[in-house]
Amino acid sequence: MTDLVSALQIGKKLGNGHFGEVHLGEDPVHGPVAVKMYRALPDEDPAKWEARKAALLQEGVNLRKAKHRHVVQVHHIVSSQTDDAVHLVMELCERGSLQDRYEAGPLPTRDVHAIATDICHGLGALHDREMLHRDIKPGNLLMDGNGVAKLGDFGLVTDDIILGYADIAGYFDHLAPEVFETGQTNSRSDFWALGMTLYRLLHGDAWYRSSPAPRYLVRDLGYANRLAWLPHISSRWRRLIRAMLNDDPHARLATHGKVLDSLAAMAGDICWEYESDGTTSKWRRNAKDRLIEVILEPAGKKWVWAAISHPLARGVKRTLEASKGAVNKATADRGIRAFFESCL
Amino acid sequence: MNLLADLDGAGMSERWLGVQVSGEGVIMVDAEVPKDGPITIVLDDSFKLAKGDRARAFCTMYSRLHDYAKEKGTKRAFIKESAVSKGGMGKAHLSAAELRGVAIAALGSACEVNLVSKASVSRNFGDRKMDEYVKDESFWKENTDGKMRSGSREAAMLILASR
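Heads up: the sequence lines are chains A and B, in that order.
Residue numbers in the first sequence follow my numbering, run continuously in steps of one, and reach 344 at the last position.
Residue numbers in the second sequence follow my numbering, run continuously in steps of one, and reach 507 at the last position.
Isolated chain A, as found in the complex (with noise of 0.2 Å):
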């Protein structure tokens, strides 16, 4: 057989993937693309090696059989001639992955929503065909060029399914009860994984990490009531992420059906923009010819808020509600709660 020697030009490192490094590639088919790149290490066991390599080529085969226009698409595999390197082909997502604006604060619901309505399409399609994700995180979702989400980073992908179960892995803050309890994973420990994802996109990660990590409470049951919201999430959203959160797996919201029905349901939700420097809080929304502002801010020990119509051109500034003076944060969070809830 002639030796065939491939064009793909190898550029800048775009980030780590679950089991090697991105770069940005260059394919002569297929234009920009996604390289992940495998090599075997200076002191690395070639047995190892071989191991890891294996892994590659089976990640690329659960990609092909993943394919879906919610799935980071494989295009091909292309090994070195003098084998200590295999190169994953992909197709790139412009816009990276989710991890850098989940750690830049929490993203506005709307985007949130339209996030989880594209990964339920692809999740749906990877259950339908057998097959787990066991690693959905912020790090891996995807967005391409026109801000279309797609799951990605299938080092953990299985379709080696034992009775609809596969062995533990996966993001340890993102497993499920059961998956403590028995070690195995299912299509219902990945919507469970939906869940958490999307709760810490809606929060961001200064908020997520200020409450104490899942892998230390999840055990322990209960740990959807024990979450901790913004109070512009809205009470539908808190429905449908605690219902992905039940820690019976039978009674989990864990078709992707019924979470695009509920997802279907809040779609014309008011989305505000929230920012915090660390005390002061502030969320904006556009309304017709108004801005609406409502500011929670520190007052001594206690707490003020305020929400605001602001007139866009003309017009006059008009309080819509306010805390009555300061008040203590438990009060000022209910009544922001409240204003929001009467804002749907």
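Possibly wrong hints are sitting among the right ones.
List of simulated lysine to aspartate or glutamate pairs, DMTMM-like, C-alpha gap at most 20 Å [said to hold, decoys possible]:
no.	chain 1	residue 1	chain 2	residue 2
1	A	K48	A	D83
2	A	K258	B	E368
3	B	K414	A	D128
4	A	K258	B	E415
5	A	K258	A	D128
It should be emphasised that the hints constitute simulated quantities derived from the structure, not laboratory data.
Fit chain B to the known structure of chain A by using the hints.
Chain B in isolation, oriented as in the chain A frame:
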């Protein structure tokens, strides 16, 4: 759930969808249809149309319907076609017709699509009009071993009349 259409023999079965569209969403009955013998209802479900942005809602519905038919290996889909309403045409009819177009395109990209009129169901199934069958509790009690909602009955009738 079984629809007891004919008890003689059973050949290779195909997956068929009966689809009823309103402005609110899509009711879908998914059935295994053998050449002869009872039809087995695999799924009786409704997909709600998302509120808010209509383009995004249609896009989501397109994906759901296309993916469903593709992943389940659906061979044929029977969609109740648009009809002129004697009581006048309101916005709800137009909204339903818009969504029907989405359903036709989505399912048509994954399987064979047939548009079925009420009149053709009445002609091809039994000796009564479709609406009479849909309302006839005893017919459904006698011919199914589960409960079906009114919209699902219409969707199931599309399959029954097409075999």
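Checked hints:
no.: 1; hint: K48/A - D83/A; verdict: 14 Å, holds
no.: 2; hint: K258/A - E368/B; verdict: 16 Å, holds
no.: 3; hint: K414/B - D128/A; verdict: 10 Å, holds
no.: 4; hint: K258/A - E415/B; verdict: 17 Å, holds
no.: 5; hint: K258/A - D128/A; verdict: 14 Å, holds
Violation of the numbered hints given earlier is absent; every hint is satisfied by the structure.
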